[in-house]
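**Q** Taken in order, these protein sequences are the chains called A and B. Under this note's numbering, the residues of the first sequence are numbered 1 to 512, in order. Under this note's numbering, the residues of the second sequence are numbered 1 to 512, in order.
Hints are computed from structural coordinates only; laboratory data are not their basis. Treat the hints with caution; some may be incorrect.
[What the hints assert, rightly or not] Below 27 angstroms or equal to it, Euclidean Cα-Cα: the simulated DSS-like pairs (lysine-lysine) are:
#	chain 1	residue 1	chain 2	residue 2
1	A	K503	A	K406
2	B	K503	A	K65
3	B	K225	A	K222
4	A	K66	B	K74
5	B	K66	A	K65
6	B	K222	A	K65
7	B	K225	A	K66
8	A	K119	B	K20
9	B	K21	A	K119
10	B	K20	A	K222
[As the list claims (entries may be wrong)] Quick list of the computed label-pair ranges, beta carbon to beta carbon:
#	chain 1	residue 1	chain 2	residue 2	range
11	A	T8	B	E104	43 to 53 angstroms
12	B	K229	A	F235	50 to 60 angstroms
13	A	N236	B	L93	50 to 60 angstroms
14	B	L93	A	W100	29 to 39 angstroms
15	B	E104	A	S17	33 to 43 angstroms
16	A	R106	B	L24	51 to 61 angstroms
17	B	E123	A	K65	35 to 45 angstroms
18	B	S11	A	R106	30 to 40 angstroms
19	A	K393	B	S10	38 to 48 angstroms
20	A	N236	B	T87	57 to 67 angstroms
21	A	A53	B	T87	51 to 61 angstroms
[What the hints assert, rightly or not] Here are some, though not all, of the chain B residues that point toward chain A, as calculated from beta-carbon distances under 7 angstroms:
#	residue
22	V35
23	D39
24	P46
25	G47
26	G48
27	N236
28	R239
29	S243
30	T249
31	H252
32	D255
Note that the structure is a prediction, hence the values are computed from the model and not measured. Quick reminder that beta carbons are idealized off the backbone N, C-alpha and C, glycines included.
Protein chains: 2
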Amino acid sequence: MKIERIFTVSSRKQLLSQLKKELLELAHLGTSIGVLEWDRQVNMPPGGSGARAETLAYLAGLWHKKFTSPEFFKLVNGLMAEVDAGTLNSQELCIVKETWRDLERRRKLPTEFIEKITKVTSEANDVWAVAKKASDFKKFQPYLEKIITLKRRQASLLGFKKSPYDALLDGYEPGMTSDEVSIIFKELRDFLVPFIGKIKNSKTSINPDILRGDFSIREQEKFIKSVAKKIGYDFNTGRLDISSHPFSTSFHPTDARITTRYREDDLFYSLGSVVHEAGHAMYEQGLLKEHFGTPLAESRSLGIHESQSRIWENLVGKSRSFWKYFYPHLQKEFPKPFTEVSFENFYRAINCVKPSLVRTEADEVTYNLHVILRFEIEKELIEGTLEVADLPKIWNSKIKEYFGLKVPNDRLGVLQDTHWSGGSFGYFPTYALGNLYSVQLYESAKRSISGLEEYKSRGNFKPFRDWLRKNIHIHGKLYSADELVKKATGEPLTPKYWMDYIKNKFSEIYSL
Amino acid sequence: MKIERIFTVSSRKQLLSQLKKELLELAHLGTSIGVLEWDRQVNMPPGGSGARAETLAYLAGLWHKKFTSPEFFKLVNGLMAEVDAGTLNSQELCIVKETWRDLERRRKLPTEFIEKITKVTSEANDVWAVAKKASDFKKFQPYLEKIITLKRRQASLLGFKKSPYDALLDGYEPGMTSDEVSIIFKELRDFLVPFIGKIKNSKTSINPDILRGDFSIREQEKFIKSVAKKIGYDFNTGRLDISSHPFSTSFHPTDARITTRYREDDLFYSLGSVVHEAGHAMYEQGLLKEHFGTPLAESRSLGIHESQSRIWENLVGKSRSFWKYFYPHLQKEFPKPFTEVSFENFYRAINCVKPSLVRTEADEVTYNLHVILRFEIEKELIEGTLEVADLPKIWNSKIKEYFGLKVPNDRLGVLQDTHWSGGSFGYFPTYALGNLYSVQLYESAKRSISGLEEYKSRGNFKPFRDWLRKNIHIHGKLYSADELVKKATGEPLTPKYWMDYIKNKFSEIYSL
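Bound conformation, chain A alone (with noise of 0.2 angstroms):
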């Protein structure tokens, strides 16, 4: 439904800035479902959590409610007629269309839908920890049968031309297809199989464990800020704490924090993630502040999200020349065991690649691969062609054959990850498209930046962080997540750089 374009100049600038401010005030909403969120995982009383869902479920139902009114969507539905029209400039079309698009995905859920999926899902997740905890399927395997018949059923309402999943992979990366990721998976996955298998027989033997230590807490959260405030996360405008899961989370581009948890004999636990999330933040804390509340000032795809924490985390916190720079800091600060630990053993240690089960503690080679396996499975799931009764036999051999490894129990198998129990269906791949959009920025920002090696090597990681923030962070939503990458790296993405980095990177690391 459009209306008749009625609209004088004058009425439209109206129209356009009744909208920012009703995003505005969404934005204030939004924001403080962030901070009672961020507290409820950082400081809050034990005792303090059922009050606090209930305030939590309050905000969240206002802001639904001021999203879905009708006034709201007659504003919005009133300026589509303007981007018909070709009136708008592309700021002022970007602000709209996401705008809208965001509201049509809403619109289209009926509030029964909404309100059975929220349960089922609440009930789904509680069944999945005690099942997971048990390693018992069968627990939890109804509970997923009712999920994958609403995420069906929404996957209907939403719409979509080819593939179900398709309409739910658009929900995390907007105007992604599932043929393309197959496509593109099937490339990794027929690259990857073999290289971890000649990784697996190659003689270069590393040991990961060279890394232990013990480490005060203390002194790890010391190191880690000035790593993080090093690479460029901005510590007046964010800030690092503990929570039992590491994340990051933004109220406003100058108020973007990050959390962590250590582990005493293993600095890494806590390092790699800080690098992982300071990235999170960086790209949240370079989004333009004067568009706070507009799509112009949102991160863009939660594949692009990614790729910048990976390409903090692996392309500069794993990188030869990154330690060039930090080794010296960390064997003064942690002179045992790093005293002992020559640069290039120090340097193999932390690239260390080795099939795992768990995808969470995957390494960078691996990692994928167990996002492809989800895809793949979950896909098939939402298109009817796989049981979820046969869910863990499929699983235990689609390990078998890439990884090469024997699914012990359903705890370190299928019932590992928290995102089907939650309905996130269409989650998994984006993780993936993170990988591949990370090495193809990378590259190019090597391209624009001469010297960019050495730069780290000097502990200036400027240069990189202000070409990130020009080629990704500043625009927003104000390109597709296809067109921010050709614009950045002149072609659309491509998993060939992501396959040229590891296989180079890994070969020289394992003499292959």
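Given chain A, work out where chain B should sit, using these hints.
**A** Chain B alone, transformed into the frame defined by chain A:
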């Protein structure tokens, strides 16, 4: 304006449940504001302050809009007819009448007036900070004059019987009048001025510097937390953080937090404030969560709130029996200097009396006199019998008269407090009323709990906390402050307990 009573029993129940629902929603907004404000003071990265102010303003606007909506007025007004008809039970009466009271007070102030006073006090607060730094009252004078004019207007808008000051006082200590305060304060002053003189002339000299030492902040925090926990502050529904000024804040009875700040040379700088704030927070933790959102789960008044902080800070935290239990622990944790300080010398040092120019640094004896001085002055300002221009002169002469001290400059004199710059006229008396309530309550508790001092000296604070919970906390706003005190102590507020307590305690300490 009251509408006719036309409700049946079932529609009355429906209206009451609607009111509770609306109040709960307002409370969710209040909680959200509270968490964002706490976060602002405790955690927020400096760069985020501008954005946070905007989000807070938006939430405050939402609260105000909801509270002053015609629908809400109609609902409460309708239920007020039930109050008149006598159909409500005491809890329902409290909910309706207290809500009506708040609503009426707010509705009497036109929006343009609220906007104006918000703007003027915001500017005045900035100017006051500058003027205080420069110790230059003249800079602040024109702003204070504007504020006085507005506060007088506010008093006429709110309405009063005798003094315009009553209308303002009623906002902080409902039901109290300036006549009542004047009588009580005159009695106090007539006791205090000569009593302080006696202490000044006493031959007993106390050296508080024996308490100084080198206390690591970590160790301080550990000790202070153990004290707070021991006296009954529940860390399962609370936490202790650092902020530039100590405060307590409550989001819900299950989440009531406190803050402090530390000085490495002075353990009592933090300890005293934590016991004080824990007293406030225990009140909030003791409100009944099943009534959350309604006046039944709100603190009674500022004076009653202050009684809860002062009763722990002074009657407990500066008593012999308290330290009989804690002093050995203190000596163990901080052998230097405390192993070399005798119990008696320690007890005297923490109870040292020293007339001083600054209220916030005042001891238990002189504190009330600071408040009395302010009350006398602000009452005259509001009643129009004192010109703002004459303020420094009268301030300094009263300080001379009451404390025998000479005020060297406005910074240490009339400019020391922030209250007037923020328009908080009528607030000061609640500090002294809190002190009076605290002793009267304590003496009543002592009569009820046989062996109270003995319990304290064995580190058992439960009987006392439970007494406060039963007699004060759980009642919320069910009774007026006057009724509450009568129920808890058998008589209305009287300064005699406080004066007796001060006379006995300090006559002994100073051998008067």
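**Q** All the hints need checking, so say for each whether the structure fits it.
**A** Structure-based check of each hint:
{"no.": "1", "hint": "A:K503 x A:K406", "result": "holds, 26 angstroms"}
{"no.": "2", "hint": "B:K503 x A:K65", "result": "violated, 61 angstroms"}
{"no.": "3", "hint": "B:K225 x A:K222", "result": "holds, 25 angstroms"}
{"no.": "4", "hint": "A:K66 x B:K74", "result": "holds, 24 angstroms"}
{"no.": "5", "hint": "B:K66 x A:K65", "result": "holds, 15 angstroms"}
{"no.": "6", "hint": "B:K222 x A:K65", "result": "violated, 46 angstroms"}
{"no.": "7", "hint": "B:K225 x A:K66", "result": "violated, 43 angstroms"}
{"no.": "8", "hint": "A:K119 x B:K20", "result": "holds, 25 angstroms"}
{"no.": "9", "hint": "B:K21 x A:K119", "result": "holds, 22 angstroms"}
{"no.": "10", "hint": "B:K20 x A:K222", "result": "violated, 49 angstroms"}
{"no.": "11", "hint": "A:T8 x B:E104: 43 to 53 angstroms", "result": "holds, 46 angstroms"}
{"no.": "12", "hint": "B:K229 x A:F235: 50 to 60 angstroms", "result": "violated, 32 angstroms"}
{"no.": "13", "hint": "A:N236 x B:L93: 50 to 60 angstroms", "result": "holds, 52 angstroms"}
{"no.": "14", "hint": "B:L93 x A:W100: 29 to 39 angstroms", "result": "violated, 51 angstroms"}
{"no.": "15", "hint": "B:E104 x A:S17: 33 to 43 angstroms", "result": "holds, 37 angstroms"}
{"no.": "16", "hint": "A:R106 x B:L24: 51 to 61 angstroms", "result": "violated, 26 angstroms"}
{"no.": "17", "hint": "B:E123 x A:K65: 35 to 45 angstroms", "result": "holds, 36 angstroms"}
{"no.": "18", "hint": "B:S11 x A:R106: 30 to 40 angstroms", "result": "holds, 36 angstroms"}
{"no.": "19", "hint": "A:K393 x B:S10: 38 to 48 angstroms", "result": "violated, 59 angstroms"}
{"no.": "20", "hint": "A:N236 x B:T87: 57 to 67 angstroms", "result": "holds, 59 angstroms"}
{"no.": "21", "hint": "A:A53 x B:T87: 51 to 61 angstroms", "result": "violated, 35 angstroms"}
{"no.": "22", "hint": "V35", "result": "holds, 5 angstroms"}
{"no.": "23", "hint": "D39", "result": "holds, 6 angstroms"}
{"no.": "24", "hint": "P46", "result": "holds, 6 angstroms"}
{"no.": "25", "hint": "G47", "result": "holds, 4 angstroms"}
{"no.": "26", "hint": "G48", "result": "holds, 3 angstroms"}
{"no.": "27", "hint": "N236", "result": "holds, 4 angstroms"}
{"no.": "28", "hint": "R239", "result": "holds, 5 angstroms"}
{"no.": "29", "hint": "S243", "result": "violated, 13 angstroms"}
{"no.": "30", "hint": "T249", "result": "violated, 12 angstroms"}
{"no.": "31", "hint": "H252", "result": "holds, 4 angstroms"}
{"no.": "32", "hint": "D255", "result": "holds, 3 angstroms"}
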